[in-house]
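Using the sequences plus the hints, can you model the full thing?
Residue strings, one per chain:
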Amino acid sequence: MKRPARPAKAKERRATALAGIIILQALCAIFFIGDVLTDMREGAHLNDVLLAAESVAAIALMGGVIFLMIELRRLLNRMSDMDAGLKVAQGQLAEVMDGLFDDWNLTAAERDIAIMICKGLDNDEIARVRQTAAGTVRAQVTSVYAKSGAHGRSQFVSLFLDELMSGDFGGTGPQDAPTQLP
Amino acid sequence: MSVGTQLESGREGARDVAVWDPLVRLIHWSLALMILLNGAFTDDEGMVHQWVGYVALGLVGIRVVWAVVGPRHARFAAFPPNPMRALRYLKAVRAGDRTVHLSHNPLGALMVYNLWLTVIAMGVTGYMMTTLRFFGIDWVKEAHELAFNWLMLSVALHVAGVAFDTWRSGVNLVRAMLLGRKRIPKGTAVE
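Same order as they appear, the protein sequences are chains Y and E.
The working numbering applies: residue 4 is where the first sequence begins, and numbers increase by one.
The working numbering applies: residue 30 is where the second sequence begins, and numbers increase by one.
It is worth saying that the hints were derived from the structure and are not from the lab.
A hint or two may mislead.
Computed list of chain Y residues with no C-beta within reach of chain E, every gap over 10 Å [what the hints assert, rightly or not]:
# : residue
1 : Leu-64
2 : Leu-75
3 : Arg-76
4 : Ser-83
5 : Asp-106
6 : Ala-112
7 : Gln-134
8 : Thr-135
9 : Glu-166
Derived SDA-like pairs (lysine to any residue); straight-line CA-CA distance at most 25 Å [to be verified]:
#  : chain 1 : residue 1 : chain 2 : residue 2
10 : Y       : Lys-12    : E       : Val-46
11 : Y       : Lys-150   : Y       : Gln-95
12 : Y       : Lys-90    : E       : Leu-161
13 : Y       : Lys-150   : Y       : Asp-115
14 : Y       : Lys-122   : E       : Asp-45
Glycine included, each C-beta is placed from N, C-alpha and C at the ideal position.
Take a look at the structure:
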């Protein structure tokens with residue numbers, strides 16, 4: 004099954020590309036600066052216009068490198084913020100899921116299957132991952148839905164989201180009164 | 030197994046921390062490649078040798094700028110050159126301390142500065158040999174060769190240090206320098 008790319012992966016690729024460009028451009032800048040310095044020492048006043056143009060190019064390249072470096076740092080900081088937020092969210096989601104699984108008295112196999120349902124696997128894929136017959140998986144999935152009171156895949160998944168979104172974010176438990184929506 | 034470990038899809042209890050950004054990694058492996066090229070493959074007298082050397086010098090230059098403007102773990106502040114800290118670290122290691130350092134460990138930090146300075150010394154003496162003023166002057170050539178020997182020794186120590194720290198702390202440092210993330214085993218103190 005083809006899944007949409009995760010934004011975190013795209014950012015990582017962007018950061019790597021940016022780093023590569025920084026190195027290439029910085030090396031070019033160093034080359035130009037070296038060239039300008041050599042020309043100056045060897046007294047190339049015969050062609051002051053060219054020398055001036057080269058100097059401007061070298062300085063512009065250098066400025067570009069610094070600019071790209073600051074840009075890359077921003078991107079990296081954004082990535083690490085996202086990472087931190089994601090870790091917190093993962094922890095809370097895991098807590099919510101564990102809690103609900105306990106409430107529903109799911110067996111170990113059913114917990115496994117419930118997680119795979121949430122991750123978007125269909126019955127055939129679950130059967131392949133767990134190396135069981137499709138019929139077994141169908142029975143277990145039905146049992147998971149029955150225990151949770153959901154009428155299908157999407158409703159089952161939304162049970163967790165609903166639990167996460169009830170109460171103010173960062174609130175402690177399912178017992179919190181749902182906040183009124185604006 | 031709880032849901033948490035499955036969601037993180039990692040080894041149970043271990044956690045991944047992003048430490049080496051792509052620029053640090055690219056510079057590291059490019060520099061290693063340049064040292065390998067010039068140490069083993071290029072003709073010492075040739076133009077390729079010179080250009081590879083200048084690229085190595087440039088890479089160290091970029092890294093130094095990045096250590097000023099870059100993110101937290103890449104900065105000088107994350108690995109100050111402090112021999113006293115390195116000594117304390119050595120003592121702690123001998124006492125069986127397994128603290129994981131997110132950036133370089135204090136001894137590794139000294140090696141970083143040593144490697145950079147050695148590459149700079151090689152670049153400068155190498156450049157001097159191309160100038161009219163210093164061409165054919167013995168001490169410059171000898172300094173270049175001495176720096177090279179020192180560099181080889183340093184690289185060997187660097188690799189040994191990486192192997193030792195990987196064994197001691199359980200954090201695969203080569204993987205960290207390739208993928209950017211240190212996988213910290215559960216229950217390990219982090220600095």
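Results of checking the hints against the structure:
1. Every beta carbon of chain E lies more than 10 Å from that of Leu-64/Y, the smallest distance being close to 12 Å; the non-interface claim holds.
2. Leu-75/Y, annotated as away from the interface, has a beta carbon of chain E within 10 Å; the closest lies near 6 Å.
3. Some Cβ of chain E comes within 10 Å of the Cβ of Arg-76/Y; the nearest lies about 5 Å off, and the non-interface call is violated.
4. At the 10 Å boundary, the C-beta of Ser-83/Y falls inside the reach of chain E, the nearest C-beta of that chain being 6 Å off.
5. Every Cβ of chain E is farther than 10 Å from the Cβ of Asp-106/Y; the closest lies at roughly 13 Å, confirming the non-interface assignment.
6. Separation of Ala-112/Y from chain E is adequate, the least Cβ-Cβ distance of about 12 Å exceeding the 10 Å criterion.
7. With a cut of 10 Å on Cβ distances, Gln-134/Y stays outside the contact zone with chain E, its closest approach being about 17 Å.
8. Every CB of chain E is more than 10 Å from the CB of Thr-135/Y (nearest about 18 Å), matching its label as outside the interface.
9. Annotated as non-interface, Glu-166/Y keeps its C-beta farther than 10 Å from every C-beta of chain E; the closest such distance is 13 Å.
10. Of the supplied pair hints, the one linking Lys-12/Y and Val-46/E holds, its CA atoms being roughly 15 Å apart against a limit of 25 Å.
11. With a C-alpha separation of about 22 Å, the suggested pair Lys-150/Y and Gln-95/Y falls inside the 25 Å cut-off, and the hint holds.
12. For the suggested pair Lys-90/Y and Leu-161/E, the alpha carbons sit about 60 Å apart, so the restraint of at most 25 Å is broken.
13. Between the alpha carbons of Lys-150/Y and Asp-115/Y the distance comes to roughly 14 Å, so the proposed pair stays at or under 25 Å and holds.
14. For a cut-off of 25 Å, the pair hint linking Lys-122/Y to Asp-45/E stands: about 21 Å separates their Cα positions.
Going down the numbered hints, you'll see the structure goes against 2, 3, 4, 12, while the others check out.
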